[in-house]
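Using the working numbering, the first residue of the sequence shown is number 1, and each one after it goes up by one.
Quick caveat, the hints were computed from the structure, so don't treat them as lab data.
Mixed in with the good hints, there may be bad ones.
[As the list claims (entries may be wrong)] Once the Cα atoms are required to be at most 35 Å apart in a straight line, the calculated DSBU-like pairs of lysine-lysine come out as:
no.	residue 1	residue 2
1	LYS192	LYS66
2	LYS192	LYS68
3	LYS58	LYS68
[Said to hold, decoys possible] Quick list of the computed label-pair ranges, beta carbon to beta carbon:
no.	residue 1	residue 2	range
4	SER126	VAL198	14 to 22 Å
5	GLY49	PRO161	34 to 42 Å
6	GLY195	ASP98	43 to 51 Å
7	VAL17	GLY195	33 to 41 Å
8	THR62	ILE181	31 to 39 Å
9	LEU131	TYR29	33 to 41 Å
10	LEU184	SER64	18 to 26 Å
11	LEU15	GLY195	30 to 38 Å
12	VAL28	THR60	37 to 45 Å
13	ALA21	LEU139	18 to 26 Å
14	LEU184	ILE65	18 to 26 Å
Just so it is clear, CB atoms sit at the ideal spot from N, CA and C, and this is done for glycine as well.
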Amino acid sequence: PDPVQTPPGNRLIGLLVLAIAFLVLNWVYVDSADQYRLMTSLIYPAVLGVALVLLFDKATRTWSIKAKGEPFREWVFCDAAVFLVFLGFLNLIQLAADASYSALFWDLLNLVLFLFVFWLVDRKVSRYRFLVAYGYFALAPILLYIWRLVHVVEDVVEIVPWWSSVWPFFILAIIFMVIEIIALIATRGSRKQGGGSVRDTVFIVLYGILLLGVAP
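Based on the provided sequences and hints, a complete structural model is requested.
Structure, rendered in structure tokens:
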């Protein structure tokens with residue numbers, strides 16, 4: 001028989017169905033303590049393992065159909081996204097929630113979004129994939145804020161100094177999203193990056209400085 005290419009949408013839906021099934025199973029059958037153990041002992045380590053394999057696969061590719069400058073931008077975002085997952089895993093471990101764990105949905109949503117963005121940035125050639133990556137870095141702090149609200153009394157979350165909150169990260173990502181949109185409009189109809197490599201590097205450096213600023 002002639003080979004048939006599976007549409008990307010079908011492949012993504014197949015993975016999404018598995019994630020939904022896992023979520024429903026935990027809500028219906030698994031208690032909070034076991035949910036926490038599943039996330040810390042299985043799901044997060046598995047996703048990090050997949051991410052490292054994907055990075056290694058990316059590092060071993062010799063040829064690419066991507067435009068000049070795009071592979072560098074991909075590395076910047078992929079490495080940074082994996083690092084955010086590392087931080088999320090550390091947050092979960094340090095929480096030591098066990099029976100009080102109630103953020104399964106938000107943790108799983110973060111991991112699903114990470115895998116989708118990594119796949120989009122690494123495997124696709126759309127000029128808009130870097131805009132989506134900026135969107136992920138804007139959304140990640142919001143997910144962290146919700147994750148904290150689930151486990152911490154709201155009053156405690158609110159007294160955190162503004163510079164130590166998630167909002168500087170969110171605002172920074174939004175600013176660079178707007179710059180990316182302007183660059184996309186300015187370079188419409190071409191494969192130019194509009195200084196994308198420099199822009200992404202500056203963004204990640206500033207993001208890293210903010211992370212150092214909130215480190216305990």
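Hints, one by one, checked against the model:
1. LYS192 <-> LYS66: 11 Å, holds
2. LYS192 <-> LYS68: Satisfied, since the Cα-Cα distance of roughly 8 Å is no more than 35 Å.
3. LYS58 <-> LYS68: OK: LYS58 and LYS68 at ~16 Å, within 35 Å.
4. SER126 <-> VAL198: 14 to 22 Å: 21 Å, holds
5. GLY49 <-> PRO161: 34 to 42 Å: Holds - the Cβ-Cβ distance for GLY49 and PRO161, about 36 Å, lies within 34 to 42 Å.
6. GLY195 <-> ASP98: 43 to 51 Å: 48 Å, holds
7. VAL17 <-> GLY195: 33 to 41 Å: Given a distance of about 40 Å, which is inside 33 to 41 Å, the answer is holds.
8. THR62 <-> ILE181: 31 to 39 Å: With Cβ atoms ~33 Å apart, the hint holds.
9. LEU131 <-> TYR29: 33 to 41 Å: 39 Å, holds
10. LEU184 <-> SER64: 18 to 26 Å: 21 Å, holds
11. LEU15 <-> GLY195: 30 to 38 Å: Holds, since LEU15 and GLY195 (Cβ atoms, about 34 Å apart) stay within the stated range.
12. VAL28 <-> THR60: 37 to 45 Å: 42 Å, holds
13. ALA21 <-> LEU139: 18 to 26 Å: With Cβ atoms ~24 Å apart, the hint holds.
14. LEU184 <-> ILE65: 18 to 26 Å: Given about 20 Å between the Cβ atoms, the range holds.
Hint violations for this structure: none, all hints satisfied.
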